[in-house]
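The lines below spell out each chain.
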Amino acid sequence: MTATAGRPILEAEGVARQFGRFVALGGVDLALEAGEKRALIGPNGAGKSTFINVVGGQLAASAGTIRLDGRDVTGLQPHQLARSGLGRTFQISRTYRQMSVRENLVAAYLVARGHGYSLSRGRLRALAAEAEALLERVGIAGLAERPADDISHGDRKRLEFAMVLAGEPRLLLLDEPTAGMGLKERHELMDLVAEEASGRGLTLLFVEHDIDVVFRIADRITVMARGQVFAEGTADEIAADREVQRIYLGEGH
Amino acid sequence: MLTVQIVNGLMEGMMLFLIASGLTLIFGVSRIINFAHGSLYMLGAFLTYQLVPLFSDGSLLGFAVAVLLGAVLAAAVGALFEMAVLRRIYRAPELMQLIVTIALVLIVRDLVRLVWGPNNVSVSMPDALAGAVQIGDSFFPTFQFAIFGAGLLVVALMIAIIRFTRAGVLLRAATDDRGMVALLGIDQRRIFTATFAAGSFLAGLAGGLASPFGNVNYLLDTEVIVAAFIVVVIGGLGNLYGALAGALAVGVIKSLGVLYFPRLAMVLIFLVMAAVLLVRSMGRRELQR
Amino acid sequence: MSAARIDWRIVAAGCLAVLAAIALGGRGGAPLVTEMLLMALFASSLNLLMSYGGMVSFGHAAFFGLGAYGLALAVSRFGLPVAAGLACGPLLAGLLALVFGTLCVRLSHIYFAMLTLACGQITFTVLFQWYDFTGGDTGITGFMAPAFGLDERWFAVVVLGVVVACLLALWRVVNAPLGITIRSVGEDPERVSASGLNPRRVQLTAFVIAGTLAGVAGSLFAALQGNAFPDYAGLGFTLDSLIMVVLGGLRSFGGGLYGAVIYVLLRNYVPLLVTEWELVIGVILLLVVLWSPEGFAGGLQRIGRRLRSEPRP
Amino acid sequence: MVDKRFELSRTLARAALAAVGLAMVAAVAAGPARAADPIRIGLVAGISGACGPLVDGEVKAVELGVDQLNAKGGLLGRPIELIKRDSKTKPDEGAKLARELVLNDKVDVLTGTCSSAVMLAVSAVSKELKTPFYSTIGNSQKANIEAFQPYFWQTQAHALMEAAAAAEFVAGHADWKRVVPMGFDYEWGHTSVDTFVAHLKQLRPDMEIADPLFPKIGESNMTSYITAALAQKPDVVYAAVFGGGLINLIKQGKSFGFFQRASLVTLMTVDTMQALAKDMPAKGVSGYARAPFFELMGNPKAKAFVEAYRERYGVYPDDWATSSYDGLMYLAAAIEAAGGTDADKLMAAVTSITVHGLRGDALKVRDFDHLMNAPVYVGDVTTDSPYGFPIMKNVVRIDADKTMPSKEQVEKLRAAAQ
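Chains as they are written, first to last, in the UniProt record's numbering: chain A, 1 to 253; chain B, 1 to 289; chain C, 1 to 313; chain D, 1 to 418.
What the hints contain is simulated information worked out from the structure, not anything from laboratory work.
Beta carbons: idealized from backbone N, C-alpha and C, even for Gly.
You may find that some hints are simply not true.
Partner residues are not named here, just some residues of chain B that face chain D (Cβ under 8 Å, in silico) [stated by the list, open to error]:
| # | residue |
| --- | --- |
| 1 | E12 |
| 2 | M15 |
| 3 | Y90 |
| 4 | L219 |
I would like the entire structure built from these sequences, with the hints used as guidance.
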């Protein structure tokens, strides 16, 4: 579970993706070291979400190679990647809307533990206790009985995060985890994410528009523009990069 | 022999296109699989049966007027149904929309039976279309050429409307992205009502146009709807050109099937439908929102 | 945590009600009760797909029909005893569900529905046209005495036993981890996939379970009738099953059950009053969707909520 | 572990079940026992579904006939009660209704089926419950041969007889040298085509018989079959089709100029001629028919029936109506001969009486397959008609002795089916 620092857990080489003639990703190289927290920033349409979706297996790459722990995982299905230790959240959080918050988490545990096809109801009782503890940690234990459809946007983000944690991933991809949230909520959620990531020794790759959040959480930052990696470095380096400021910071946020 | 069957298949295909065009239009815009499409087709046929004696004593113009009037009435029924029923349940799961169209099938079938009785009836062929055209040593019905022409006209009109009118722009927008229309500040409900009316008009038109070429009874709906589904699926749901290609392909497959694989024609068409669906799905394990 | 236990009192009360109906209906009425029970199982199997798995099938009757033909063919063409034939029906249905399901779960939403339609129509057409083997439109008759030659009432009791057992098993499934997984996939296959389980496999599992149970219903239906006809796999039965689930109530385990009782009663008694019975059913269906989209079960729950929230004097 | 929407409140569930139980009890308990006095006839007809267009006349004629019999004091002094049910043209529904009619409503006789499937399903119930059952529309020979059972009789020429009659008719046209057979792609169509071809080969070894065509039942677009048939340059096309599909064939054929180049021989019933009316081709269509009223008008009984039918319903009876009425009158005669409705006595009477009916003065049902010696009428369709719709002229009545399979043939077929 603990990753040795210095070895890349994720390596993307020349990852490209086209939609018809539109080039969403034009050959992205990116390597994540185990345990690092990496932010992926860039203007709208830069290809950040596409990149996350290609790494997560939701979209197939048109070209390039992706390695997870040194193993070539290009073209694997999302569930295969998930079993290799990759967990992710979505831009619009994906939960089981008609099920209760607790059921959502129990369902995530069932899948993660390989009991998805079990007929034993004993398993449910055992997992319910674990689910309770995790809900407590992410701060939504009070909502356990509510349908996921009924809780606030931010709480649903927390729920989805908890569902990902239930899978005990080593690499965590978060696609705009704070989109549509208020300032305070945003920081609280990302603090929680950072805390859990550090505590569990997870590697984190997150897409984020809020530069405050990025600078607060990220060890390193990758800047994308027009489907390419434009710059990469520590928070300070990126903050100091004039080009970045011009094309990105100046323009948008 | 082969050529004759191919020509004939294309003719039959165009008839299928007329049937399917409204279904694919409605699906494209509203994502509703309208089971009642066959019922509106049937309604168009019966209305034509009712109206032809009023306008036509064998004249083509009178027939055309009767068919158009029948189609307009079918459009009114479609629009009414959209406003009174479908509009209330656009937010419900798509299954519910489908179920109400099934309910409409049951209702229309029995209403037609109540009004026109259970027996077969016949609409007379307008005199001008009654003959046959000789090509080589084969004959083809003038009527089928007229249908082919009508089909092309419908395609042309639909393209013209979609390309060059404001309604068409909205239609395209609605087909591509439902949310966008709302962003444009247009009342989405009006678009849906208009689409339903247009789709129902096309169904009624097809029913009216086809009526002199065959039997009309209250069971016509089921015969038509399965054929229309096949065409629309093979053509790509919501795709007008696809529906045209799909309709012509189905017509030709059926026509050639009579020569080469008579027992398998029906199964074959369903196999093609399944294959098209599967091939389209390949490489589409993409995000679905 | 409210583990969904089976309330045996409800089961017993239901069984008693059915037994009373059988006793009161006599030999002539018992087949109607049998039909209701089999339709309840058939609709409940579709309900597993629709309410839990989020899959709308337009070809579910194929498995009902295959269940019927599995029995009829085993006995008439392969000379197996009826008891063995009764096992062949669900087996054939389950096998074909595996084959069709493998293809169908590659698609979702309306595309899934259209592919099931194609599969269902292929099944129907083969049964209808393969005279030498399936007897074509005139079906297979006379291969066994209807209802094993039992008194209609006893056969209804036997069917009651089988249907209750199947529904209890289904209840077990939907409340077990597998049921949660099936519902998860019904809600959001992407989430399931991103969590590490292949949603298609889950859908396929549900599809095979549903197909097999439909096959059980079809086999017993063929046994009741003593015949098998292509109609049993046709679009008519498919639409019946969809209508039953919607009338009874989506998102409810009892939906298939309630729907079957309501629909079979309507279909049996409305034609005695009016020739245009389809019109009546169409209007009822319309009203249900508009005023109680969650069907009979949903309506019950709504009434229940209202009763509970209103203070009693 | 269950989401609220799935959780049934127990009281509610109980209430629901109670309601359901009550509904079922109320439902099946309906229909209290009645006095055993009247003679009850259960009519299981495909009022809705595919047979709808055919059984309209049947239901009307049977209702008329029952009223007439009752007006004359019923049978053996007992009134007749007709209990009508809609099979929806579904075999399972037909069988269930037949069972209900016998067991709950205590009907003495079953009739009314139209599609072969429903007929065979009801015949199985008739056999099991030992209740006499006769068919006046559905005419699959299976019910007389492979699936024969002693409580069934057929008052029509069955499929084999009709096809044989059509072959006789075609063979009689010396100028016809080449024939294309066609049939709906189901059991009845295939049986008809096979029988027609076999019979014709015997009668006219010189005739060229093309490969048969099999459009699907009720096919709405017959054009591919029309072009395929015409490509064979036939003198005549034999088509075992009927109803809506036949109307499609004729109207579409007309557009192709079919009737200028070939003749069509097909099952031509009055309802089809009424539906086509002025759209019927003036020449080129010949038909075989079961009970064309216009050809029976010389028979006072038939004339009286046609007039009574017209007076009551305002239309002329179609073949289905006429033969259903004739079938009912045969039953009435059998009940009187049997002195009651005891199933075995009735069946003995059915196979021993000779009845003067609408279709001739010596109708009888033979004993080994319970098939009536029903004639088949063949002739040429003409639009020159006093009735406002086409009829047939030059009609020849082909007697059953020319078309009924022999006892040996029937036994051979039965043995082959084992």
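Cross-check of the supplied hints:
no.	hint	result
1	E12	5 Å, holds
2	M15	7 Å, holds
3	Y90	21 Å, violated
4	L219	7 Å, holds
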